[in-house]
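Now for the letters of each chain:
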Amino acid sequence: MPASWKRFRRRLLYCLGQGERNRTLREEMEFHIASMIDELIAQGMEEPGARSAAYRKFGNMTKQSEEARSIWIARWIGDLAQDLLHSFRGMRRDAGFTAFTILIAGLGIGAVSTVFSVVNAMLLRPLPFRDPARLVWMTNAHFNSTQAEHFADLRELNRSFSDLAGWSGFYYPGDRQLTGAGEPERLTSVPVTGNLFSLLGVEPALGRSFTAAECRGRYSAPPAMILSYSFWRRRFDSDPTVLGRTLTLNNRPSTIVGVMPASFDFAGIFDPARPVDIFIPWPLGDKAKPSGNTMKVVGRLKPGQTVAGAQAELASLAKQLTLQHPERNPLVPTLMPLARHVSGPASPALFVLSCAVSLVMLLVCANLSNLQLARLGARQKEMAVRAALGAGRSRLLRQMLTESVALSCCGALVGLVLAIAATRGLSHLHAFILPLLDTVRVDVRALLFTLLAAAAAGMLFGLLPALRVTALSLPTTLQDAGRRSTGARRHALLRDSLVVAELAFACVLLVGAGLLIRSFFRVLDVNLGFQPQRAAALRIDPSFPLPSLSRQNSFIDDVLRRARSVPGIVAAGITDTLPLRDDRSWSAGAVGQIYGKRHPPPEPFVRVVTDGYFQAAGIPLRSGRDFTAADRASDERVVVINQTLARTLWPDRNPLGQMITTDGGRRVVGVVADVRHTALEQPGGAEMYLPMRQTADYAAMQLVVRSALPAGSLAAGLRKALRPLDPNLPVREFVTFEDLVDKAVSPRRFLLMLLTGFAAFALILASLGIYAVISFSVSQRAQELGIRMALGASPRNLQFRFVFRTIELAALGLAVGLAASRVLSSALSSLLFGVTAGDPFTFLAIAALLTAVAALAAYIPARRASRVDPMAALRSS
Amino acid sequence: MGTDKTKSDLLPGTLDMLVLKILTRGHLHGYAIAQLIQQLSDDLLRVEEGSLYPALQRLELNGWIEGEWGLSANNRRARFYKLTRDGRKHLAGESSRYRQVTGAVARIMGFA
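Protein chains in written order, with our numbering: chain A, 1 to 877; chain B, 1 to 112.
Because the hints were derived from the structure by calculation, they are not lab data.
If you're wondering where the values come from, they're calculated on a predicted model, not measured in any experiment.
Just so you know, not all the hints are guaranteed correct.
What the hints assert, rightly or not - In silico SDA-like cross-links for lysine to any residue, where the CA-CA straight-line distance does not exceed 20 Å:
| id | chain 1 | residue 1 | chain 2 | residue 2 |
| --- | --- | --- | --- | --- |
| 1 | A | Lys381 | A | Arg398 |
| 2 | B | Lys82 | A | Lys381 |
| 3 | A | Lys63 | A | Phe31 |
| 4 | A | Lys6 | B | Gly63 |
| 5 | A | Lys63 | B | Arg58 |
| 6 | A | Lys63 | B | Ser51 |
| 7 | A | Lys6 | B | Leu61 |
| 8 | B | Lys21 | B | Gly93 |
| 9 | A | Lys6 | B | Thr84 |
| 10 | A | Lys6 | B | Glu60 |
| 11 | B | Lys21 | B | Glu66 |
| 12 | B | Lys89 | B | Thr14 |
| 13 | A | Lys57 | B | Gln35 |
| 14 | B | Lys89 | A | Trp5 |
| 15 | A | Lys743 | A | Thr188 |
| 16 | A | Lys6 | B | Arg88 |
| 17 | A | Lys743 | A | Ala267 |
| 18 | B | Lys89 | B | Arg58 |
| 19 | B | Lys82 | A | Arg10 |
| 20 | A | Lys6 | B | Glu66 |
| 21 | A | Lys743 | A | Arg863 |
| 22 | A | Lys6 | B | Arg58 |
| 23 | A | Lys6 | B | Thr14 |
| 24 | A | Lys6 | B | Leu44 |
| 25 | A | Lys57 | B | Asp86 |
| 26 | A | Lys57 | B | Leu44 |
| 27 | A | Lys57 | B | Arg46 |
| 28 | B | Lys82 | B | Ala104 |
| 29 | B | Lys82 | A | Phe31 |
| 30 | A | Lys6 | B | Asp86 |
What the hints assert, rightly or not - From chain B, some residues computed to sit far from chain A (all C-beta separations above 12 Å):
| id | residue |
| --- | --- |
| 31 | Thr14 |
| 32 | Ile22 |
| 33 | Thr24 |
| 34 | Arg25 |
| 35 | Gln100 |
To be verified - A few chain B residues facing chain A, derived, Cβ under 7 Å:
| id | residue |
| --- | --- |
| 36 | Tyr31 |
| 37 | Arg76 |
| 38 | Arg79 |
Note that beta-carbon positions come from the ideal geometry of N, C-alpha and C, so glycine has one too.
One chain only, chain A, in its complex shape (with noise of 0.2 Å):
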């Protein structure tokens, strides 16, 4: 609309240019007066007459000049200073009311803004890579990985991709050992594809990527390496002169090349569980490093290529390689963008946060608005005032969302202040395995946000109140001193269904919190198959080589023999890999059976472990025997396997004195219960455990010790009693079995403890609505109840009669909550393990809640209806 377009134009440059249109304005007018005045002269009059009567004539230039500027400038910003400054008057009138407000309003606000930045930094914010749209994370059927040789094919021959990178998923904590210069310590390290920096498009931040001649060494001795940023700063404290330094690494020089700059956090975005120290070359060419599905692929599509288009393009690949390499594993890759799969497992729970909080919000909304009808009998007289002084309804509608719009601009202060806090410590907490976690904090995004939802939160707790006040019919209100009438009759309604939603709102938060904490206890009590209490890990590998198996044998009976010596300690035994944390698999088969395409041999995880390893973990012998020290390389190969694998393989026949294919035959000498591996809520499947005396195919030595005492308080003595074994014993890495079972478990306590947060929150909310209404109509029905308790009733009736009607609100609530729960908890069921989405047992306990809380609330003011004098309540009016 061009027209349009011209007065606004001209509108913004009158804006511009105010003051010298005012002047201009003033000038001419009193221009006109002039005029005037010369005319009045003329016609005869004296001038001094002249000028006043030119003047009277002309009447207020101010209020002329303002009515004539208002043409162009929008009447509503002069009247929103006004209401502004009227509702900052009347919040410092009312200043308990104005305080009480602004708190619920920061508390809700705060909520809200803090869950956003948490959605923000995990589903929102690009991941720091260069164009991450185009980053593509590769699966390999069920596993996250896929073989080093099909990868190295698949980045030839692809069509679709600017380039594959990878780096080897089968890295443990605390990897290689750092010795030489200070303490030793014990690294780990992630070993990357040399394209792998650059195709995410992160340069080191000092220093240089590898070369290619750095990509061609030997997976054991890796020439050079990457610092992490963080790594960096804790051990050479960010010195930049370590470029070029050469540390030794597994008892190999290796050179620092690079440092990562800080805001690449490769374990905070792709391995929470597992910070990373140092980068170091993946050989691809080197047969002697991890074979089998070890590598992790991302891919850089190229402009214009579809996720799908990739897809199927890999797929026909894929076939093309299986047919011609069939001594590889079998390559199905998978598809999807980067970011879903960083933070696709996080997505459930973001999104019930998301959901629980914007309960939370409409909660407070309705609390807020139910404070302002209370407050509306006092307001309503003034309302009145004004509006026979002649303003228009659309004013006082205007004037009141002012009010609870600036009353919510405050509470977004307070609230920003609790999400800056919030997210500031959210970040630091490194007990929760979340994706991007200590990206999270508040940021413009966030501050938008928040202010949005202060102003509509201010609209919506404002617009009921501002409707209901100046629908009342004006002139009645001005004659009605106090009494009860119609209106007043609506506005108790209205407020007992605010109260409704109010107990509904946080039943259904009540409802998800409950039905998290059942399933969080069912998974605290699930049979693990091994006992966390009292057992601890220490990782031991030794700092100089084991060449052979005698020579290895020979540390492992050293080791053993002095931890069991150490006071305190009931068993040890020694473990390749730690429940909840590290996993591999083997296929496996029965000596005997016929495997093929159609019926392919189980894959059941394994360990190495050494004798006393299963009184150590506490994981229960079912039938045959542990390994002993005798269970050695000349001796006959012998396997313990789980009762899992005892089914799955010999389903009707004692598994013991079976044979199964794994290293050309092994005995079954014994089965083990079947121990939780991945994670809590999951079956533990199929497990073996070699004797670690038998074979060097394992990357780590972590000796486990189960002790009478606290296992904090082993630590000292086991590294005394190892030392003189290796004095370069690192003596980092301790983990109790107790703190495995904690981080698994972590990202739902993480959820449970906010979702609970606001549920208490939501709680404390609704109360304070009933005991608000109730303790309003105690006092507006003073008179009623003195003429009753004249009447002689007595306070225990009058007491009696507010909490049923509470009941009665609360019983309507609840109805409507429950109802709503069973709709939304089905939402929820991804997160329920252990309960149904519809326990009967949470539900009946959240009504029980409510409905006692809800008595709660209306007792306090009850009891004040009970004490009215009938004298003084009768007189009052």
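Given the coordinates of chain A, assemble chain B onto it according to the supplied hints.
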């Protein structure tokens, strides 16, 4: 934006039309416009200053008139308004509309 209560008893929008019509006579300042309306209507229509200046602002905002500073007959600084091309068009539209309305009113009242 800006409620404007026309204080004269004219039909709404009439004052704007009158001002535009007066300005077809040339560049005039506010006072002269008020005087001319009064004179030409044989003192029947008196434009109140409280209506005139908002009207002038409104017309200027719509781009129908333009104001510029000049000197009045007795050498005072005054703001003279002139009709723009848009204003002429608007005036033509308004006057034909006004003719229709008054004609219709007259027919109902039996004047015509």
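Exercise for the section: List, from low to high, the hint numbers that the structure doesn't satisfy. Expected result: The structure conflicts with hints 2, 21, 23, 24, 25 and 28, although it agrees with all the remaining ones.
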